[in-house]
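Enquirer: Sequence:
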Amino acid sequence: MSALRLSRIFASTAFATTAALGFAVFSSLATADRAEAAGEVIVGLVTKTEVNPYFVKLRQAAEAEAKKKGLKLIARFGKFDGDNEGQVAAIEDLISAGAKGILVTPNNSTGMLGIIKKARDAGILVIALDTATDPADAVDATYATDNFEAGVKQGTYAKKAMGDKKPVLAMLDGTPGGTVDTFRHNGYLQGFGIKEGDPVIAGSAITNGAQDKGQTGMENLLSKNGDINVVYTINEPAAAGGYAALKSFGKAKSVMLTSIDGSCQGVKDVKSGKVAATVMQFPYKMAVAGVDAVAEYAKTGKKPSGFINTGSELITDKPMPGLDSKDTAWGLKNCWGGE
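Numbers -16 to -1, 1 to 323, taken from mature numbering (1 follows the signal peptide of the UniProt record, and there is no 0), label the letters of the sequence shown in order.
Any given hint could turn out to be false.
Calculated cross-link-like contacts (lysine-lysine; reagent style PhoX-like; alpha-carbon spacing at most 20 Å) [unchecked claim]:
{"id": "1", "residue 1": "LYS84", "residue 2": "LYS63"}
{"id": "2", "residue 1": "LYS269", "residue 2": "LYS317"}
{"id": "3", "residue 1": "LYS56", "residue 2": "LYS84"}
{"id": "4", "residue 1": "LYS150", "residue 2": "LYS208"}
{"id": "5", "residue 1": "LYS51", "residue 2": "LYS269"}
{"id": "6", "residue 1": "LYS197", "residue 2": "LYS258"}
Here are the computed distance ranges between Cβ atoms for each label pair [what the hints assert, rightly or not]:
{"id": "7", "residue 1": "LEU97", "residue 2": "ASN293", "range": "19 to 27 Å"}
{"id": "8", "residue 1": "GLY295", "residue 2": "LYS102", "range": "25 to 33 Å"}
{"id": "9", "residue 1": "ASN293", "residue 2": "SER80", "range": "39 to 47 Å"}
{"id": "10", "residue 1": "GLY98", "residue 2": "TRP314", "range": "39 to 47 Å"}
Read the hints as simulated data drawn from the structure, not as lab findings. Glycine included, every Cβ here is placed at the ideal spot set by N, Cα and C.
Turn these sequences into a full structure, and let the hints steer you where they fit.
Expert: Rendered as structure tokens:
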């Protein structure tokens, strides 16, 4: 191939790349210009993933509240649980788009500190939903479940429900590096009355909160230790995967699963006996409170601050003495705090 032809190819490629980048920047700026011209206030929402039902509910609640408040919602998300780079890029885009406030569920509690600071330095209100940053004051405020408390509730229930049985515990964890995973895991251990490294723990698996990884992780743990009789799960998709694995091993009725989330499907799984208990959290409340805070900031300049606990409830049809809980009938009426 001639040097002249190569130079033309490179020139064409460079032009196409530059044009694509220019179009992306132009699109963001055009969005901001249109919003400003229309007098709209932009609120950004950046969730961990697009497909997890929990974050779908968070987005739906934010969309409904933004419409109610007359705000323009721009929703972005990571490609998978743990996609820190994707979330950073999403916030960059929202800064360029002229967002007044950004609501974010960080995939990595320390991995987004730089971009969050950039947004706040630009006068943007930044609120963490569901997952706290580390340090917590990296954002203006956090609206979330007290995940350590939720873990304690799950662990305390599991311990009481085991009765006199000798526990052989498997742990289906989430994504390392996130405060949600750490707090729930450690809270469960405290509620169960054990510490990290206790011989009661037969093993653990990283699931990233996904059903397929929950199933694979549970299968691997059962292959190594067939005596497992109690399972901690980071969330209900991981629990669903864990249950599928237990069923394939013929252990669905002899092993107790507990979880955290409180989705309508999760409550149905408690009702059917697949899961002994789940701890319900309220993403609807988080999203509504976050959008309302941005609306207030746009109107008055007032910012929220600190950690705001949106609460949790233990859901089970097999209550344990001394533990506050709600049954699945209540759970189905209140799953995730609103429909």
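Enquirer: Against each hint, give a clear statement of whether it holds in the structure.
Expert: Going through the hints against the structure:
no.	hint	in the structure
1	LYS84 to LYS63	violated (24 Å)
2	LYS269 to LYS317	holds (15 Å)
3	LYS56 to LYS84	holds (10 Å)
4	LYS150 to LYS208	holds (18 Å)
5	LYS51 to LYS269	holds (16 Å)
6	LYS197 to LYS258	holds (18 Å)
7	LEU97 to ASN293: 19 to 27 Å	holds (23 Å)
8	GLY295 to LYS102: 25 to 33 Å	holds (32 Å)
9	ASN293 to SER80: 39 to 47 Å	violated (33 Å)
10	GLY98 to TRP314: 39 to 47 Å	holds (43 Å)
Comparing the model with each numbered hint stated earlier shows that hints 1, 9 do not hold.
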